[in-house]
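S.K.: Residues per chain are reported as follows:
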Amino acid sequence: MNFDKEFDASGLACPLPIVKTKKALNDMSSGQVLRVVATDPGSCADMAAFAEQTGHQLLEQSTQDKKFVFFLKKA
Amino acid sequence: MATKKMAIIATKGTLDMAYPPLILASTAAALGWDVQVFFTFYGLQLLRKDLDGIKISPLANPAMPMPVPMPVVVQILPGMESMATMMMKAKMKKKGVASLEELRSLCLEAEVKFIACQMTVDLFEFEKSEFIDGIEYGGAATFMKFAGETDVCLFI
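Listed in order, the protein sequences are those of chains U and L. Following this note's numbering, the numbering of the first sequence begins with 1 at its first residue and continues without gaps. Following this note's numbering, the numbering of the second sequence begins with 1 at its first residue and continues without gaps.
Careful, some of the hints might be misleading.
[To be verified] Below, computed lysine to any residue pairings styled on SDA-like, alpha-carbon distance capped at 20 Å:
#  : chain 1 : residue 1 : chain 2 : residue 2
1  : U       : K23       : L       : G96
2  : U       : K5        : U       : Q64
3  : L       : K94       : L       : P65
4  : L       : K4        : U       : D46
5  : L       : K89       : U       : A75
6  : U       : K23       : U       : K66
7  : U       : K23       : L       : L77
8  : U       : K23       : L       : D52
9  : U       : K20       : L       : E102
10 : L       : K94       : U       : A13
11 : U       : K74       : U       : G11
12 : U       : K20       : L       : S99
13 : L       : K93       : U       : L12
14 : L       : K55       : L       : W33
15 : U       : K67       : L       : K95
16 : L       : K49       : L       : T14
17 : L       : K12       : L       : G53
18 : L       : K95       : L       : P65
19 : U       : K67       : U       : P41
20 : L       : K89       : L       : W33
Hints in this document: simulated from the structure, not taken from any laboratory.
Please construct the entire structure, taking both the sequences and the accompanying hints into account.
M.R.: Shown next as structure tokens:
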């Protein structure tokens, strides 16, 4: 999937993947896609909850080599 | 969608209890919530420039997982608190857990409002110069004004 920006949250524990994803989205424009990579298993549920509450769209979520990959479309 | 609000009263100054208010405040702010944290009694330690006074002790924390079982009589020995704190901080760093300083900075950056309880600042004779910049001072009525309009209100 194409994306405009990438944020690597590997090695970070709760709440950093979410708090820093929010920061990464700050300087993006509406409609742009952010790819986030995380290793915190809790980030799967948290990213979905983050998207639901903020209106950003979680386009795709997958697991690759024990890493969790998310594609978020900025609202 | 109206902005959601959260108010937290942070009353504890130990390493384990310092995390929940800062984790919840920084996360809620990332979700776009309007957040205020009111620091009182030992919670005031979280507002000090120097956070080195925040420690953890196995004493009175019987559920703390320890590498080896440690009888209470050993836990009271001098240096045990510093050792437990050092071990916990090392473990946190290894697991990617943010430091208190980092979480606090993320809160301030996200415009979480920090309020120091004036009564307890006076009680413990803290100087305002000991605290970080960008905080406010107030009392119970200040807290209630905001707390009365919140969606989530926690006492930690």
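S.K.: K5/U and Q64/U: Cα distance at most 20 Å?
M.R.: Holds: K5/U and Q64/U sit about 19 Å apart, inside 20 Å.
S.K.: Would you mind confirming whether the straight-line C-alpha gap from K89/L to W33/L stays at or under 20 Å?
M.R.: violated, 29 Å
S.K.: Assess, step by step, whether the Cα of K89/L is no farther than 20 Å from the Cα of A75/U, and give holds or violated.
M.R.: Violated, because 37 Å separates the two Cα atoms, which is more than 20 Å.
S.K.: Next pair to validate is K93/L with L12/U; report whether the Cα-Cα distance is within 20 Å.
M.R.: The given pair, whose Cα atoms are some 9 Å apart, holds under the 20 Å limit.
S.K.: Keeping to a limit of 20 Å between CA atoms, is the pair of K55/L and W33/L held or broken?
M.R.: Violated - the C-alpha atoms of W33/L and K55/L are around 30 Å apart, more than 20 Å.
S.K.: Given the proposed pairing of K67/U with P41/U, does the C-alpha separation stay at or below 20 Å?
M.R.: holds, 9 Å
S.K.: Keeping to a limit of 20 Å between CA atoms, is the pair of K23/U and D52/L held or broken?
M.R.: violated, 27 Å
S.K.: Checking one constraint from the list: CA of K20/U to CA of E102/L, max 20 Å. Satisfied?
M.R.: holds, 11 Å
S.K.: If you draw a straight line from the CA of K20/U to the CA of S99/L, is it 20 Å or shorter?
M.R.: Holds. K20/U to S99/L sits at ~14 Å (cutoff 20 Å).
S.K.: Measure nothing beyond the straight line between the CA atoms of K49/L and T14/L; if it is 20 Å or shorter, mark the hint as holding.
M.R.: holds, 16 Å
S.K.: Would the hint linking K23/U and L77/L be met if the CA-CA limit is 20 Å?
M.R.: Violated - the C-alpha atoms of L77/L and K23/U are around 44 Å apart, more than 20 Å.
S.K.: Does the structure keep K4/L and D46/U at a Cα separation of 20 Å or less?
M.R.: holds, 18 Å
In this structure, the earlier hints numbered 5, 6, 7, 8, 11, 14 and 20 are contradicted, and the remaining ones agree with it.
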